[in-house]
Amino acid sequence: MEWDWNFVWQIMPTLIEGVKITILATLLGSVLAAVVGLGIALGRRSPNRILARGIGFVAEFIRGTPLLVQLYFIFYVLPDIGILLSPLVAGVIGLGLHYGTYTAEVYRAGIDNVPRGQWEAAKACNLSARQTWTRVILPQAIPPMIPALANYFIAMFKETPLLSAITVLELMNQAKSVANTYYRYIEPITLVGAFFLAISLVAVVLLRWLEHRYGRVER
Amino acid sequence: VPSSAQDNAKLEQLKAQGFARVAIANEPPYTAVGADGKVSGAAPDVAREVFKRLGVPDIVASISEYGAMIPGLQAGRHDVVTAGLFMKPERCAAVVYSEPVLCDAEALLVKKGNPKGFKSYADFAKDGATVGAPGGGTEEKLALDAGVPRAQVIVVPDGQSGLKMVQDGRIDAYSLPVLSINDLMKKAADENLEVIAPVEGAPVYCDGAAFKKGDEALRDAFNVELAKMKESGEFAKIIEPYGFSAAAAMSTTTAKLCAPAQ
Amino acid sequence: MTEPIIKIDAISKSFGNFQVLDGLSMQVMPREKLALIGPSGSGKTTILRILMTLERIDAGHIAIEGEQLYHMPKNGGLVAADERHLTKMRQKIGMVFQLFNLFPHMSVIDNVTLAPMLTKGVARAAAEKRAMELLDMVGMSEKAKAMPAQLSGGQKQRVAIARALALQPKIMLFDEVTSALDPELVEEVLNVLWKLCAETDMTMLLVTHEMGFAHDFADRVLFFDRGKIVEEGKPDEMFSNPKQERTQTFLRKIIAAGHRV
Amino acid sequence: MTEPIIKIDAISKSFGNFQVLDGLSMQVMPREKLALIGPSGSGKTTILRILMTLERIDAGHIAIEGEQLYHMPKNGGLVAADERHLTKMRQKIGMVFQLFNLFPHMSVIDNVTLAPMLTKGVARAAAEKRAMELLDMVGMSEKAKAMPAQLSGGQKQRVAIARALALQPKIMLFDEVTSALDPELVEEVLNVLWKLCAETDMTMLLVTHEMGFAHDFADRVLFFDRGKIVEEGKPDEMFSNPKQERTQTFLRKIIAAGHRV
Amino acid sequence: MTDWSGYLSLILQGAVVTVQLTVMGSALALVMAFVAGLGRLSRFAGLRWLATAYIEFFRGTSIFVQLFFAYFVLPFAGISLTPLQAGVLALGLNVGAYAAEVVRGAILSIGKEQYEACIALNLSRWQCMRRIIVPQALLVMLPTFGNNAIELLKATSVVSLISLADMTFQANIVRSQTGNTLFPFATILILYFAFAMIITFSIRALERRMARGLDGVRN
Ligand SMILES: Nc1ncnc2c1ncn2[C@@H]1O[C@H](COP(=O)(O)OP(=O)(O)OP(=O)(O)O)[C@@H](O)[C@H]1O
Ligand SMILES: Nc1ncnc2c1ncn2[C@@H]1O[C@H](COP(=O)(O)OP(=O)(O)OP(=O)(O)O)[C@@H](O)[C@H]1O
Ligand SMILES: [Mg+2]
Ligand SMILES: [Mg+2]
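Chains as they are written, first to last, in my numbering: chain Z, 28 to 246; chain L, 742 to 1003; chain S, 145 to 405; chain H, 145 to 405; chain V, 397 to 615.
Excised from the complex, chain Z in its bound form (with noise of 0.2 Å):
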């Protein structure tokens, strides 16, 4: 079988659709596993030592099983019990909370570098536990974790292609439908490989910049 322009330009709009859709799950995912990660590191910590193990139990637990079984999980057997998702805000769940329980690691190592006496003078200072939390500690924190957190979503982006087993068009299941209408798998996979290729090339450039911008911190 040979390569055919003709067919790639032919094909071009479709998958640039789905390029669309991969790049939404993205960064919906990102935001979602941001918020996750810090839910989860914040939990970990918790006082409430039930609370604070069950988090940690249950962080592990999606971390080490499969984020498509996990997919599979949330769309088909969640309905069951009455929670329905669209395809997308499934897709979205799952990447959120599965790249949750990563970002959380990152979350909680960037907290750990936070020396003791930061903490030690904000009480001192008679913060709250949230204002030390708001004020002192994360704003420390989170600037260098900017390149881990990044170098997560990239791998994020990566894995939408996980997404069609639930039905969303994204850059995959779009190169499959086109593969599966003309019987032809070389250009659009080829062409997928070379978007993730580039995306991903473009997403390690910004990411140097911010390992640059973020990575180190002044004491």
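Rather than coming from a laboratory, the hints here were simulated on the basis of the structure.
Mixed in with the good hints there might be a few duds.
[To be verified] With a straight-line Cα cutoff of 25 Å, these simulated DMTMM-like cross-link-like pairs (lysine to aspartate or glutamate) come out:
#, chain 1, residue 1, chain 2, residue 2
1, L, K857, L, E932
2, H, K339, H, E277
3, Z, K150, S, E211
4, Z, K150, S, E389
5, Z, K150, S, D202
6, H, K289, H, E331
7, V, K508, H, D380
Using the hints provided, position chains L, S, H and V with the ligands relative to the given structure of chain Z.
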């Protein structure tokens, strides 16, 4: 004209390796996988028997998406597709088919009472109704050809998912061949669902064993044995328990089914 | 007779198996300037950290202005203090750390205004005005916009003092506030402490290795060893004529190392 | 007349813009015990590291036993040495580091036998026999099976010496081999060096701040400052009667700091 | 009625495939990690370039693209792999690219003084790498390798998309055959988690063993 077995290199190769690699779909009753992992179902059973007669003792089935079957055949991943891959002119151009094996009409799975009154695929083109179908399958093409926008034809990975999506109200209807839908319904035993069959305007389709272009000799040998089985009634004995009609398959020919639509 | 502002009553504190304080009692009078001296590991920092509620005590009682620090009355009895009680009690106490612990992501002025704005609801304008006065007092008003990373150690420590003062605590705790500084910078900070001593009527507890400073500054000196008060007295007596042998050897070593007493 | 075993000829070395050595020349005779002393940053370590080929030189020549170290003859001329040439030359030289640099994942005996087995193809049994002799000499044979992490600094340094000796180099370089040790442990290592000095005819170059040791141990002392030899001579003359003012101030400071000369 | 134990054994057959994929994929990944990780540190620009290209390509494109490529496109280049081979190849090369960076980082984390000791003992570059640097770096790599292995375990679920009868695939079959969604998916979630735990604990045990005698060396 059936060629003699002597110059059928592909068949010799299959005999030598002792099995043929067949692609099947995960779609009862065309295919079924028992709790013991044994592959059965109408299409593989026919293929198994034909190959046995050709001197190839067994088949090794691999489950595949419809869309991946023809590329897989072309890439040499399978020797033959026996999956309810219905004959259509484009497909006939891409592969070589045996004489018809399993025939079926199309059906729709909808909510009880068919609230939106679907009768044909064209009905989905109106007011944004959605229809689910297997990716790369016949139903997807029929819907698209009937003018349903791409965004309203939802590619669903397998029948069970399609059933679930109708139950959950994610799609308005799910389309598969009649027998497949009936099988799904039987397993689901869901009072709130209903089958619309046949879909108006959709032709009755037959599948055949699909071979890679260039394997015409093998196909011809396959046809010879298939014809003998049809004649002896053995064919009917294999497929009718699954609900298929042997008469339907014997009443038409590949040449007719592959002819470009009028 | 005035009541003591701090009343420590038979407190004990262990870290794991290691008992740092074992039934220590002491009192501090309002406006008193107290120097805590003693060998490394004797528990001086621990006492200050306990007063700042950075460590809990295992046994005993502490009262600040007659009010229990780690306990609160409930149903007629005393129960362990909750976070709200501690927050209330902490208003009376400020602490300056050996390693400054400035908030590195905030400018100097923000470091000083943060706590008054958040904990006392002071308006920004008022907080900044007061912060500038304090920064002026410690000689740092010119650096109000600077970030901590741009300051020398001595400058950081002066800002840390201003930050602690901004909450107007009745009791200030200083833990070796000069020992992380290069020798040239020590003076800057000591000058500020002098000023503070002379100008305010805060109660001050100061852990230090600067014997000269302790001598001139303190109303009373406590000499600690292994979590116990070995000797206490007026600085003049203590430094010129220590009674306990342990105090004598300690002071002799300090002098041998070239420190002025 | 014997030829010098090391002949350093007008070598220069910069790190970035900073010129550490600028046209330094010196010679060392076979069996000579040479002490290199001088203030911090004067380039003593750099000279040893250049001899060990851990740093490259920018200009000049070094000959070991008459053979060029950083150059090799090719087509009648001299070209920069390649890795093979360096490997051959390195056989003549061993070095003991200030921070020991033992291999932490290997036992003491494996540290000592590794290089002979790998670089000289010595059989394991023979290598271990020799290693035990060397460990015995440095008083470490009992710890042959221990891991480096289980040893004290002085013990580590003695193993490091045994490890360097195992290759039987003609020239041994010691870079402040006692300065990372606690005062109590220094003696252990100096004792080994004494023994080595007395018992072998290796050429030894030793950078040290232990003036007493340098005095008693060295045949000749070189005093460096800013990458230049300021003064050289027999230890007795040098320490009792330094000629250069720079040497005098250096020695005076060392004595003031309480070191024996 | 439905033969659950039969279907469970079907899923267990899939689990065998999953384990095979994980073990063989990890083996390939390990080899690639060292080849590419050491390649990036090579003195030869060509090798460095090659290793970098490999790493960036496989980290830059999605595992799905690689899988589909290995399965559907490579045959046109005359390389026809069984699904298992394609799965092992794609997973191993993909995770190997990530692990290569771990190898590189770990090797760079070994202090300069160890290299200098090598030179002083006249060990060749290769001897130094093999006997001194890599054994020490291994301990640094191990925890991250454990994470990589879990990533690989989870990624095996995507091979079900190329029709390899792994655990997820079998779960989907069981679902089609029985019409029950919860049973197969819950079963495999638990199995995946159990496998992940096994990896975690084995790596920890290995780490403890390797760290023996090195106490105080690591910080
Ligand atoms: N968090 C802790 N965990 C365990 N031990 C501790 C802890 N904090 C302090 N200690 C121990 O308690 C003892 C008293 O410590 P503390 O810091 O109060 O001494 P100090 O008098 O301030 O000494 P220094 O002059 O060295 O600062 C020391 O032996 C110390 O090792
Ligand atoms: N890798 C390097 N990069 C930059 N400068 C260096 C490097 N190594 C050494 N120097 C500089 O070269 C000068 C000489 O260093 P060297 O280590 O030889 O001094 P030294 O005489 O051994 O001093 P010390 O007694 O402190 O060990 C010093 O100023 C040092 O800062
Ligand atoms: Mg202290
Ligand atoms: Mg040096």
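Checked hints:
Restraint check: the Cα-Cα separation between K857 of chain L and E932 of chain L comes to about 18 Å, which is no more than 25 Å; the hinted pair holds. Distance check on the hinted pair: K339 of chain H and E277 of chain H sit about 14 Å apart at the alpha-carbon level, within 25 Å; holds. Straight-line distance between C-alpha atoms of K150 of chain Z and E211 of chain S comes to about 20 Å, which keeps the hinted pair within the 25 Å bound. A hinted pair counts as satisfied when its Cα atoms are at most 25 Å apart, and K150 of chain Z with E389 of chain S does not qualify at roughly 39 Å.
Between the alpha carbons of K150 of chain Z and D202 of chain S the distance comes to roughly 20 Å, so the proposed pair stays at or under 25 Å and holds. For a cut-off of 25 Å, the pair hint linking K289 of chain H to E331 of chain H stands: about 24 Å separates their Cα positions. A hinted pair counts as satisfied when its Cα atoms are at most 25 Å apart, and K508 of chain V with D380 of chain H does not qualify at roughly 38 Å.
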